[in-house]
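**Student:** Protein chains in written order, with UniProt numbering: chain V, 1 to 412; chain C, 1 to 412.
Honestly, I wouldn't trust all of these hints.
Stated by the list, open to error - Reference excerpt, derived from the structure (chain C facing chain V, CB under 10 Å, subset only): (1) Ile-19; (2) Ala-23; (3) Leu-50; (4) Asp-62; (5) Leu-81; (6) Ser-94; (7) Ala-316.
Unchecked claim - Pairwise CB distance ranges (calculated): (8) C/Gly-124 - V/Asp-106: 16 to 26 Å; (9) V/Gly-89 - C/Ala-289: 30 to 40 Å; (10) V/Ser-110 - C/Lys-122: 49 to 59 Å; (11) C/Pro-183 - V/Ile-88: 51 to 61 Å; (12) C/Met-1 - V/Met-315: 52 to 62 Å.
Unchecked claim - Heads up, incomplete: computed chain C residues facing chain V, CB under 10 Å, no partners named: (13) Pro-59; (14) Leu-60; (15) Gln-86.
Hint data in this document are derived by calculation from the structure and do not stem from the laboratory.
Even for Gly, the Cβ is constructed at its ideal location relative to N, Cα and C.
2 protein chains.
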Amino acid sequence: MARIVMKFGGTSMAGIERIRNVARRIKHEVDAGHQVAVVVSAMSGETDRLVNFCREASPLYDPREYDVVVASGEQVTSGLLAIALQAIGVPARSWLGWQLPIHTSDAHASARIGEIETAWLKDGEVAVIPGFQGLTEDNRISTLGRGGSDTSAVAVAAAIKADRCDIYTDVDGVYTTDPRIVPRARKLKKVTYEEMLELASVGAKVLQTRSVGLAMKEGVRVQVLSSFDEPGPNETPGTMIVGEQEIDDVERQHITGIAHDKNEAKVTLIAVPDRPGAVATIFSPLADASINVDMIVQNVAHDTGSTDVTFTVPMAELTRAIDVLERQRETIGFTKLVHDTAVTKISVVGVGMRSHAGVAAMMFKSLADRGINILAITTSEIKVSVLIHEDYTELAVRVLHTAYGLDAEDAA
Amino acid sequence: MARIVMKFGGTSMAGIERIRNVARRIKHEVDAGHQVAVVVSAMSGETDRLVNFCREASPLYDPREYDVVVASGEQVTSGLLAIALQAIGVPARSWLGWQLPIHTSDAHASARIGEIETAWLKDGEVAVIPGFQGLTEDNRISTLGRGGSDTSAVAVAAAIKADRCDIYTDVDGVYTTDPRIVPRARKLKKVTYEEMLELASVGAKVLQTRSVGLAMKEGVRVQVLSSFDEPGPNETPGTMIVGEQEIDDVERQHITGIAHDKNEAKVTLIAVPDRPGAVATIFSPLADASINVDMIVQNVAHDTGSTDVTFTVPMAELTRAIDVLERQRETIGFTKLVHDTAVTKISVVGVGMRSHAGVAAMMFKSLADRGINILAITTSEIKVSVLIHEDYTELAVRVLHTAYGLDAEDAA
Numbered sequence: 001m002a003r004i005v006m007k008f009g010g011t012s013m014a015g016i017e018r019i020r021n022v023a024r025r026i027k028h029e030v031d032a033g034h035q036v037a038v039v040v041s042a043m044s045g046e047t048d049r050l051v052n053f054c055r056e057a058s059p060l061y062d063p064r065e066y067d068v069v070v071a072s073g074e075q076v077t078s079g080l081l082a083i084a085l086q087a088i089g090v091p092a093r094s095w096l097g098w099q100l101p102i103h104t105s106d107a108h109a110s111a112r113i114g115e116i117e118t119a120w121l122k123d124g125e126v127a128v129i130p131g132f133q134g135l136t137e138d139n140r141i142s143t144l145g146r147g148g149s150d151t152s153a154v155a156v157a158a159a160i161k162a163d164r165c166d167i168y169t170d171v172d173g174v175y176t177t178d179p180r181i182v183p184r185a186r187k188l189k190k191v192t193y194e195e196m197l198e199l200a201s202v203g204a205k206v207l208q209t210r211s212v213g214l215a216m217k218e219g220v221r222v223q224v225l226s227s228f229d230e231p232g233p234n235e236t237p238g239t240m241i242v243g244e245q246e247i248d249d250v251e252r253q254h255i256t257g258i259a260h261d262k263n264e265a266k267v268t269l270i271a272v273p274d275r276p277g278a279v280a281t282i283f284s285p286l287a288d289a290s291i292n293v294d295m296i297v298q299n300v301a302h303d304t305g306s307t308d309v310t311f312t313v314p315m316a317e318l319t320r321a322i323d324v325l326e327r328q329r330e331t332i333g334f335t336k337l338v339h340d341t342a343v344t345k346i347s348v349v350g351v352g353m354r355s356h357a358g359v360a361a362m363m364f365k366s367l368a369d370r371g372i373n374i375l376a377i378t379t380s381e382i383k384v385s386v387l388i389h390e391d392y393t394e395l396a397v398r399v400l401h402t403a404y405g406l407d408a409e410d411a412a
Numbered sequence: 001m002a003r004i005v006m007k008f009g010g011t012s013m014a015g016i017e018r019i020r021n022v023a024r025r026i027k028h029e030v031d032a033g034h035q036v037a038v039v040v041s042a043m044s045g046e047t048d049r050l051v052n053f054c055r056e057a058s059p060l061y062d063p064r065e066y067d068v069v070v071a072s073g074e075q076v077t078s079g080l081l082a083i084a085l086q087a088i089g090v091p092a093r094s095w096l097g098w099q100l101p102i103h104t105s106d107a108h109a110s111a112r113i114g115e116i117e118t119a120w121l122k123d124g125e126v127a128v129i130p131g132f133q134g135l136t137e138d139n140r141i142s143t144l145g146r147g148g149s150d151t152s153a154v155a156v157a158a159a160i161k162a163d164r165c166d167i168y169t170d171v172d173g174v175y176t177t178d179p180r181i182v183p184r185a186r187k188l189k190k191v192t193y194e195e196m197l198e199l200a201s202v203g204a205k206v207l208q209t210r211s212v213g214l215a216m217k218e219g220v221r222v223q224v225l226s227s228f229d230e231p232g233p234n235e236t237p238g239t240m241i242v243g244e245q246e247i248d249d250v251e252r253q254h255i256t257g258i259a260h261d262k263n264e265a266k267v268t269l270i271a272v273p274d275r276p277g278a279v280a281t282i283f284s285p286l287a288d289a290s291i292n293v294d295m296i297v298q299n300v301a302h303d304t305g306s307t308d309v310t311f312t313v314p315m316a317e318l319t320r321a322i323d324v325l326e327r328q329r330e331t332i333g334f335t336k337l338v339h340d341t342a343v344t345k346i347s348v349v350g351v352g353m354r355s356h357a358g359v360a361a362m363m364f365k366s367l368a369d370r371g372i373n374i375l376a377i378t379t380s381e382i383k384v385s386v387l388i389h390e391d392y393t394e395l396a397v398r399v400l401h402t403a404y405g406l407d408a409e410d411a412a
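Just need the whole structure built from these sequences, with the hints factored in.
**Tutor:** Quick look at the structure:
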């Protein structure tokens, strides 16, 4: 008997017929002798409807009241799933965020989960828990921010020391790269938390990043599965997200995946004085404005004693970044600011990289062979990322997917 | 400075524009220096939508989970009204049933309100409270049954010792009779709890009967007002529902109103043996089946030593009543059961009646003058009711409305 948390997103909960399917899937696990807690999202579209009500009532809505309004979506699906489970003979009970309670910080609309009490965990009864919501210390409803239900599921799994947290989504697992770009992309059987964080944050939108971070911290084994498969022996296995110790040596030989992210913008400051401390005058004001700088390249110095500095910021923060820098133009001393949003970050991800120094070299050579110019480079322990012109995105992903032996035929 | 509870129904809360109107109306009272608590219903149509979800999930839904689902409707409007109030500079905070808490019995879907804690009552802040919901002793959401928000409002008013409980509805007060039947019906300035109970339970559907009973028990002064009037000096005054001691002698001279109720069915048992105890054999099994019998007429005995017994039951219980009686046919000894749903109960209501013996006589004469046949009669301290054929409903109401001097011209 295992203890399992099952999490179903808005698409799986959209309407009574789908909720009944979810109930049958849960019954399948209960019948197998497992103890199950379920975390659910609101019906798809419902949270948007409720958020729009709040915005319409006042663009400057009080986040404490916003939380009261939007948390109702998951409350409804929790009650309905409990009814649907009872209807097929599975004892079930809904437990709202304030009932468990799921303690959170008081940062309304983007609260962080703290302690979760577990007195509600009962043998032989499925607990149905609304995702995305909790209770602040002053007894008010909080929500975790959009997509927070994944995080709720992982937090509940950690609290009850679950053997597994199964996240049912509208994809059936994590792939070596975006299958829309590379039809021969393979579904991964296992991926480490660190790899998943890189894959999720650079484009493979399967799980909320925060939930993966929490799973890593708490050591929760997370499985990503398709909610559209019928449960049973023919069910397609999903992808397990686990700690590095669960990855064996053979798996470690491989690069895990290729990610791409079109959500970065490149900024270049022309002719920054080439003297100690110059770089600090650029990045300190950006940090003060909470603008996240990713890749940084300092170009070769000009003869004139100045240098060009290039870096990337998230697309959504570009306007603000330009504003901050222009106001510091005299302090920094650059002559011109140019920016470019037609860029893509391509990342090669894999825990094996730590012992494979040639990974980066192969990446640069593969891209150079196709005439793809590299605008910036950044590396971490488990990834190498390059910035290229966005026109080459698909070509670069395909070339690298093949170069690292990730294509389905190669993997047989 | 008065302490006021304001209650707004589903029509008043249907959409953000209307919620903004409600907020302005509340601001009007706050600006006048009053301390205000507000009780709200769900947006009209929302509770039906949620109830249908539960039915669709399982016709035999668990009422505990039904309560979790349907209570969300009022949760949403509470949060939105708090936002709308804040947007026009009125400090406001929503307080859900479990937060106050509003303690209730554990009869899910039809709970009774017990104690309401009042620590949430704060000077200078409007408390927005969802109607219809509360908290059971075992920490689960309960609801009061349809229309329960009126009862919530009265209970909150009693708890905080409010000077007044203003119920905003889509009618602008309580009338001497149904204005659709008698255009010259007058709006009453005052009506006693007892009269309101009779008027409500026999057809003037303005307030939920249970809320009037609670107001009477707790001595809460209730005002019924139109939610569509603009607040201000030109606002039409509503109807105050008060204790008898607030009704002066002049008002006491009058009959208060004429009510009609098409929701009764007449049952006649033919040739019941005319012996002691025979009537008990009829009504005991009906009482055992919780079928409410209203008017009873025992006809003149036949020569054969038998008698016909006629009575009324609520239309909705007729089929069950017939079933119960047919199963007891031998014990009771009747030869035939006939029933008739084409009947209406007409009631003349007024606290003045206790000192006016002629009221009943005038009623019988007025109806006889128009050739309206009386099928059954019942009286209470403050009303006289007769059963007539439904074809005469409007005629009877108009004749009596005139006979008792209730027409608008007479009242000038």
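**Student:** Please go over all the hints and tell whether each is borne out by the structure.
**Tutor:** Each hint tested on the structure:
no., hint, result
1, Ile-19, "holds (7 Å)"
2, Ala-23, "holds (9 Å)"
3, Leu-50, "holds (7 Å)"
4, Asp-62, "holds (6 Å)"
5, Leu-81, "holds (8 Å)"
6, Ser-94, "holds (5 Å)"
7, Ala-316, "violated (25 Å)"
8, C/Gly-124 - V/Asp-106: 16 to 26 Å, "holds (22 Å)"
9, V/Gly-89 - C/Ala-289: 30 to 40 Å, "holds (31 Å)"
10, V/Ser-110 - C/Lys-122: 49 to 59 Å, "violated (27 Å)"
11, C/Pro-183 - V/Ile-88: 51 to 61 Å, "holds (56 Å)"
12, C/Met-1 - V/Met-315: 52 to 62 Å, "holds (55 Å)"
13, Pro-59, "holds (9 Å)"
14, Leu-60, "holds (7 Å)"
15, Gln-86, "holds (6 Å)"
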